[in-house]
Amino acid sequence: MYAIPKPYKRWQRPYKRGESGCKHYLHETGVRTVASESKETVLDDSVKDDFKLIFEKNKGSGKAILLDDSLGELSIVSTRSLASSLKKSSGVSAVIVDGAVTAPSLKAADEAGVRVIVASSFAKTDTEIQLLSY
Numbered sequence: 001m002y003a004i005p006k007p008y009k010r011w012q013r014p015y016k017r018g019e020s021g022c023k024h025y026l027h028e029t030g031v032r033t034v035a036s037e038s039k040e041t042v043l044d045d046s047v048k049d050d051f052k053l054i055f056e057k058n059k060g061s062g063k064a065i066l067l068d069d070s071l072g073e074l075s076i077v078s079t080r081s082l083a084s085s086l087k088k089s090s091g092v093s094a095v096i097v098d099g100a101v102t103a104p105s106l107k108a109a110d111e112a113g114v115r116v117i118v119a120s121s122f123a124k125t126d127t128e129i130q131l132l133s134y
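By this note's numbering, the letter at position 31 of the sequence shown is numbered 31, and the numbering carries on one by one without gaps.
No wet-lab data here; the hints were simulated from the structure.
There may be inaccurate statements among the hints.
[To be verified] Pair ranges (Cβ atoms, derived): (1) Asp45 - Ser84: 32 to 42 Å; (2) Asp50 - Gly91: 26 to 36 Å; (3) Lys124 - Lys87: 12 to 22 Å; (4) Ala123 - Lys63: 12 to 22 Å; (5) Gly113 - Ile76: 27 to 37 Å; (6) Ser46 - Pro104: 15 to 25 Å; (7) Gly60 - Ser81: 10 to 20 Å; (8) Leu53 - Leu131: 17 to 27 Å; (9) Lys48 - Glu128: 17 to 27 Å; (10) Ser84 - Ser46: 15 to 25 Å.
[Unchecked claim] Calculated lysine-lysine pairs in the PhoX-like style (CA-CA distance at most 20 Å, straight line): (11) Lys124 - Lys107; (12) Lys88 - Lys63; (13) Lys52 - Lys63; (14) Lys87 - Lys107; (15) Lys107 - Lys63; (16) Lys88 - Lys59; (17) Lys59 - Lys48; (18) Lys88 - Lys57.
Source: prediction; values computed, not measured.
Ideal Cβ placement from N, Cα and C applies to all residues, glycine included.
Make the full structure from the sequences, and use the hints.
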């Protein structure tokens with residue numbers, strides 16, 4: 001027979017802190033593990049230099065530049081409207097922001113499938129998106 005896992009008490013974690021690569025959901029019968037795809041992006045130095053060059057050109061403008069896979073410019077939006085612009089757009093691979101990136105913008109970027117964000121600072125850093133700061 002199958003062993004039915006004991007339900008967790010409210011104060012207990014159904015998983016170990018620090019596990020990465022999977023999300024856990026608590027159900028009536030126990031814990032179900034759903035593996036998530038890794039979004040890790042390996043950037044070489046030439047791409048990082050291109051990001052830095054674009055970031056330096058954008059500095060002081062108060063704008064965010066949305067880029068595709070080939071570092072082609074998709075659009076330029078205000079940093080205040082970055083979250084709503086990411087929700088509407090598709091095919092965005094990288095975002096270069098003049099200034100700080102807020103938590104709603106990070107969440108919208110994660111949902112839009114953005115792999116790299118370049119900015120001066122970040123409101124939070126617990127995301128699968130690769131964050132670069134210059």
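Which constraints among the numbered hints does this structure fail? Numbers only, ascending. 2, 5, 6, 10, 16, 18
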